[in-house]
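Enquirer: Spelled out from the first residue to the last, the chains are:
Protein chains: 2
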Amino acid sequence: MKLPAKTVERLSQYRRILHSYKHLEESYIFSHDLAKLLKINPVQVRRDFMLIGFSGSSRNGYRVNDLMDYIDATLTIPKGQKATIIGMGELGRALLKHISSNPVCPVMIPATFDIDPKKTNKKYLDVSCYDLTRAPELLTKYNIQIAIIAIVTNDVQEIVDSLLISGIKSIINFSAGPFRVPDNIYLKDFDIRTTLEEISYFISQE
Amino acid sequence: MKLPAKTVERLSQYRRILHSYKHLEESYIFSHDLAKLLKINPVQVRRDFMLIGFSGSSRNGYRVNDLMDYIDATLTIPKGQKATIIGMGELGRALLKHISSNPVCPVMIPATFDIDPKKTNKKYLDVSCYDLTRAPELLTKYNIQIAIIAIVTNDVQEIVDSLLISGIKSIINFSAGPFRVPDNIYLKDFDIRTTLEEISYFISQE
Chain A
62 MKLPAKTVER
72 LSQYRRILHS
82 YKHLEESYIF
92 SHDLAKLLKI
102 NPVQVRRDFM
112 LIGFSGSSRN
122 GYRVNDLMDY
132 IDATLTIPKG
142 QKATIIGMGE
152 LGRALLKHIS
162 SNPVCPVMIP
172 ATFDIDPKKT
182 NKKYLDVSCY
192 DLTRAPELLT
202 KYNIQIAIIA
212 IVTNDVQEIV
222 DSLLISGIKS
232 IINFSAGPFR
242 VPDNIYLKDF
252 DIRTTLEEIS
262 YFISQE
Chain B
62 MKLPAKTVER
72 LSQYRRILHS
82 YKHLEESYIF
92 SHDLAKLLKI
102 NPVQVRRDFM
112 LIGFSGSSRN
122 GYRVNDLMDY
132 IDATLTIPKG
142 QKATIIGMGE
152 LGRALLKHIS
162 SNPVCPVMIP
172 ATFDIDPKKT
182 NKKYLDVSCY
192 DLTRAPELLT
202 KYNIQIAIIA
212 IVTNDVQEIV
222 DSLLISGIKS
232 IINFSAGPFR
242 VPDNIYLKDF
252 DIRTTLEEIS
262 YFISQE
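Chains A and B are the protein sequences, given in the same order.
For the first sequence, counting from 1, position 167 maps to 228 in the working numbering; every step adds exactly one.
For the second sequence, counting from 1, position 92 maps to 153 in the working numbering; every step adds exactly one.
These aren't lab readings, by the way, just hints derived from the structure by calculation.
Please note: incorrect hints may appear among the correct ones.
As the list makes no split between identical chains, a pair holds if one copy fits it or if it spans any two.
Said to hold, decoys possible - As a list, the in silico DSBU-like pairs of lysine-lysine whose alpha-carbon atoms are at most 35 Å apart: (1) K183 with K97; (2) K97 with K184; (3) K143 with K100; (4) K67 with K180; (5) K183 with K67; (6) K249 with K67; (7) K180 with K143; (8) K100 with K158; (9) K180 with K100; (10) K230 with K67.
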């Protein structure tokens, strides 16, 4: 059964929270505690756990270790997905470090790309940075399906198109875009500038 | 009139797109072109423009410069909001550069914070980095209302609490969290690890 996107997002968030409890020998957590931390309804929490086949005792709460095992079994990807970072400027390098420093992150980064000869043919945290022209060949070779776009330019449509041809199925975008992707591509927009504009508007209207 | 959050988000996105056309002397754009770029319905585009009082000719399209003026008048914040970055490691510095390099970004960053003495009492791109203990004093002094959390630790609740007391009204979070904020605080979660877990799940289910 394929879980709804929102459920997967929440399961991933529950796991982050539970991680901080797991060093305790015997610990229990209530659905309303998890709900409070994520600002959602406890009914939603219980429904999510039912969806993955986990039923705790609502009197004593859920046993943290059991719950984590269930979430792990649901979310863990057998061989690990592979991702790449396009653009190894400051943002790209920071993201590589941020991702690599996570012990439970399910994603491996076997290669990164840039167009600047000063950045290519080097390694960052043991990951090679190649010239972007080699992306089609290497994305296929390493079976990379996730691309993180960490370039500043607005003009990314051409790059995105070539990534999709090379088998990329999902994009996390930090660029100012905009660009088009087909409907079957999972696109997550992390454009911080647009976000700042939105926030500024709301604060100024208060 | 306070516009809906989603409308503000789209207006900000339209502006990004229009920006690439504005160097043309006389240029027009159709609602269906904008809609296609953002993968939304053209009716939505026309409704958004009606909301800000802009009516183009649906026969010839919208005049780009006029449309940009309207969006600017709606979204531009008179004196500019102020933001800070908490954590000036690689990610914090990359975000500062990313934000500063945007000519139309409505946000100024007068100060940043860290707890590491190797990072504090220095300037990055002409912006001073102070010890986090000085945040309450300086956030108030500079009237900073937006905080970008760029630290790696999970344990941010205490930091977030002290920011809120100092007048922060909105948070963009890059940390692994989780933390609680009151309902009137505008929180945008940019947690890349959770996003990667979600994406991995969906790709593995295909």
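Enquirer: Using 35 Å as the alpha carbon limit, work out where K183 and K67 are close: within a copy, between copies, both or neither.
Expert: Intra 38 Å, inter 42 Å, cutoff 35 Å: neither.
Enquirer: Please sort K100 with K158 into within, between, both or neither, judging by C-alpha distance up to 35 Å.
Expert: The answer is both: 29 Å in one copy and 32 Å across copies each meet 35 Å.
Enquirer: Give the relationship of K180 and K100 under a CA distance limit of 35 Å: within one copy only, between copies only, both, or neither.
Expert: Intra 42 Å, inter 34 Å, cutoff 35 Å: inter-copy only.
Enquirer: Between copies, within a copy, both or neither: which fits K67 and K180 at Cα up to 35 Å?
Expert: For K67 and K180, the Cα distance exceeds 35 Å both inside one copy (37 Å) and across copies (38 Å).
Enquirer: Which holds for K143 with K100 at a C-alpha limit of 35 Å: within a copy, between copies, both or neither?
Expert: Both: 32 Å inside a copy, 27 Å across copies.
Enquirer: Quick one: K249 to K67, C-alpha cut-off 35 Å, is that within a copy, between copies, both, or neither?
Expert: both (13 Å within a copy, 16 Å between copies)
Enquirer: When no copy is specified for K97 and K184, does a C-alpha distance of 35 Å or less occur within a copy, between copies, both, or neither?
Expert: neither (43 Å within a copy, 39 Å between copies)
Enquirer: My question is about K183 and K97: at a cut-off of 35 Å on alpha-carbon distance, are they close within one copy, between copies, both, or neither?
Expert: neither (45 Å within a copy, 38 Å between copies)
Enquirer: Between copies, within a copy, both or neither: which fits K230 and K67 at Cα up to 35 Å?
Expert: Both, since 19 Å and 26 Å are each at most 35 Å.
Enquirer: Can you tell me if K180 and K143 fall within 35 Å by alpha carbon in one copy, between copies, both or neither?
Expert: Close inside one copy (21 Å) and across copies (33 Å); limit 35 Å.
In the structure shown, a violation is registered for the earlier hints numbered 1, 2, 4 and 5, in ascending order.
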